[in-house]
Amino acid sequence: MKHVKTVNRAVFKESLPNGGCGECRASCQSACKTSCTVANQKCERPQAAVSAVLASIKASAASPLA
Amino acid sequence: MIHAYELFGRYIVLDVESGAVHELDRAAFDALTAPPGRYTEEQAEAWQELMALKEDGLLFTEPGQRSFEARDADLPLKALCLHVSHDCNLRCAYCFAKTGDFGTGKRGVMPPGIAEKAVDYLLEKCGGRTNLEIDFFGGEPLMALETVRHTVEYAKEIAPDKNFRFTLTTNGVLLDDETIEYLNSEMDNLVLSLDGRADVNDALRRFPDGEGSYGALLPLYKKVTETRTGDYYVRGTYTKNNLDFVNDVMHLASLGFSNISLEPAVLPPGHPLALTEDDLPALRAEYETLCKLLQGPVPSFSFFHFNIDLSHGPCVYKRLRGCGAGIEYAAVTPEGDVYPCHQFVGRDGYRMGSVLEGSFSPGISARFRALDDGGREACRNCWARYFCGGGCAAAGLTVNGDILKPDRLGCELAKKRFECAIYLKTVHMSG
Numbered sequence: 001m002k003h004v005k006t007v008n009r010a011v012f013k014e015s016l017p018n019g020g021c022g023e024c025r026a027s028c029q030s031a032c033k034t035s036c037t038v039a040n041q042k043c044e045r046p047q048a049a050v051s052a053v054l055a056s057i058k059a060s061a062a063s064p065l066a
Numbered sequence: 067m068i069h070a071y072e073l074f075g076r077y078i079v080l081d082v083e084s085g086a087v088h089e090l091d092r093a094a095f096d097a098l099t100a101p102p103g104r105y106t107e108e109q110a111e112a113w114q115e116l117m118a119l120k121e122d123g124l125l126f127t128e129p130g131q132r133s134f135e136a137r138d139a140d141l142p143l144k145a146l147c148l149h150v151s152h153d154c155n156l157r158c159a160y161c162f163a164k165t166g167d168f169g170t171g172k173r174g175v176m177p178p179g180i181a182e183k184a185v186d187y188l189l190e191k192c193g194g195r196t197n198l199e200i201d202f203f204g205g206e207p208l209m210a211l212e213t214v215r216h217t218v219e220y221a222k223e224i225a226p227d228k229n230f231r232f233t234l235t236t237n238g239v240l241l242d243d244e245t246i247e248y249l250n251s252e253m254d255n256l257v258l259s260l261d262g263r264a265d266v267n268d269a270l271r272r273f274p275d276g277e278g279s280y281g282a283l284l285p286l287y288k289k290v291t292e293t294r295t296g297d298y299y300v301r302g303t304y305t306k307n308n309l310d311f312v313n314d315v316m317h318l319a320s321l322g323f324s325n326i327s328l329e330p331a332v333l334p335p336g337h338p339l340a341l342t343e344d345d346l347p348a349l350r351a352e353y354e355t356l357c358k359l360l361q362g363p364v365p366s367f368s369f370f371h372f373n374i375d376l377s378h379g380p381c382v383y384k385r386l387r388g389c390g391a392g393i394e395y396a397a398v399t400p401e402g403d404v405y406p407c408h409q410f411v412g413r414d415g416y417r418m419g420s421v422l423e424g425s426f427s428p429g430i431s432a433r434f435r436a437l438d439d440g441g442r443e444a445c446r447n448c449w450a451r452y453f454c455g456g457g458c459a460a461a462g463l464t465v466n467g468d469i470l471k472p473d474r475l476g477c478e479l480a481k482k483r484f485e486c487a488i489y490l491k492t493v494h495m496s497g
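Line by line, the protein sequences are chains F and S. Residue 34 in our numbering is what sits at position 34 of the first sequence, and the numbering runs on without skipping anything. Numbers given in our numbering equal positions in the second sequence, counted from 1, plus 66.
No wet-lab data here; the hints were simulated from the structure. The structure presented is a predicted model; accordingly, all values stated were derived computationally and were not measured. Note that beta-carbon positions come from the ideal geometry of N, C-alpha and C, so glycine has one too. Wrong hints could be hidden among the right ones.
[What the hints assert, rightly or not] Label-pair distances were calculated between CB atoms; the ranges are:
#1 F/Lys2 / S/Gly322: 43 to 49 angstroms
#2 F/Lys2 / S/Ser320: 42 to 48 angstroms
#3 F/Lys2 / S/Asp297: 40 to 46 angstroms
#4 S/Glu247 / F/Lys2: 56 to 62 angstroms
#5 S/Leu189 / F/Lys2: 53 to 59 angstroms
#6 F/Lys2 / S/Ala348: 51 to 57 angstroms
#7 S/Arg104 / F/Lys2: 18 to 24 angstroms
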């Protein structure tokens, strides 16, 4: 593309079908700690597992996702 | 929904529902913001590219179909904030914990037996989760080091199959060589409190006799961080006193600390140190200044609030749920009482159980579940909702008297930080 450079792909869809595993860290936003937000966090699932979910979504022509 | 903005000559658009981020040229940026039908030839060309992104699910994405079964799944407890000490050896002017006792009038430390009960409580309620967190907090937790040591030992012994992550937040006063060695060995993360420049720190972080704490703490923090391999943050609080807080960040960086966090104080309206909306332009400018300082190829330090993981961050459900206070995260007092988080300790109507009784109030937990996904009206149409997770419920209560009403000042600062963080990612990823 001439006018647009994609910096980050659409990652939120990966987790829509199956929900979260609940293994990620707490993200306390209280200022007396370190005001962690969800943006500061990493997913605890291995990247390979996340990529596999994404691939299966892409492969599904009948995906209900937007 | 999209969020398009310009920072330091770069044009960035975030596709809110998908998490996609694009860098645009001026024509594409103008095409997004110009009235339809009035495009120049170049803008029209750019618009075609933007429409192609939409086709690919990378722009103007509608909210996806969420699995409500997944969203509403049972969320067992996974993190405890242990108030091992309701006492403190500093008298900081902005302390929400009322200098350690949380307004309870009772100063003291958590007996090891209560800490054991708290670990049992966590294990009983954690379901099948592997990663569990215990955060040693206070007051000043090093005033209860024996309890800290006992808790770590007990947790590891009783549940070797769990992955406990221990964090300790300290004012540093009681650090000595033996304690530093212990903390560096056992704590996954250490949070070391210091507000920045000596005069800024000493105006508010003082010993009970009024003396400032900077001179005593600095060599101790250096010793901790020089020998530490695990995570740490030197963290401070900024207030009305130091709206030029970037000078404090840079001061901490100049001392050699590589992980730095500086937080806006959350104080009741009218408090002399409270930040107000009139301060927003200056504070936004400060974050931009810091952003510019960090955009070089190898920044010498990491500023916590600019850390963002665009490609491997948490799932949508976690993003909507936020901190999980009162649901999967709770605080325990030295007496064993359970509260939704450390900020609610001592507040009327928020005691939700006891580790001695094994109780956990579903009624209070349900109030916190209402924060999830749409519970907070102000969040429904906010572009940053998947990055902040709804903000701090306690800050909403402090500032607006309602956990469902976010602290607007905090929201505006968070949004500026996210813009800076996404900008820095864009710079570092696209050159």
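- Message: Given a hint of 56 to 62 angstroms, does the C-beta separation of S/Glu247 and F/Lys2 actually sit inside it?
- Response: holds (58 angstroms)
- Message: Can you tell me whether the CB distance of F/Lys2 to S/Gly322 sits inside 43 to 49 angstroms?
- Response: holds (45 angstroms)
- Query: Can the suggested window of 18 to 24 angstroms be confirmed for the beta-carbon pair S/Arg104 and F/Lys2?
  - Reply: At 21 angstroms between Cβs, range holds.
- Message: If I claimed the Cβ atoms of S/Leu189 and F/Lys2 lie 53 to 59 angstroms apart, would that claim hold in this structure?
- Response: holds (57 angstroms)
- For the range 42 to 48 angstroms, tell me whether the beta carbons of F/Lys2 and S/Ser320 fit it or not. holds (43 angstroms)
- When you take the CB atoms of F/Lys2 and S/Ala348, is the distance between them in 51 to 57 angstroms? With Cβ atoms ~39 angstroms apart, the hint is violated.
- Message: Quick check: does the Cβ-Cβ distance between F/Lys2 and S/Asp297 fall within 40 to 46 angstroms?
- Response: holds (42 angstroms)
Checked against the numbered hints given earlier, the structure breaks only hint 6 and satisfies all the rest.
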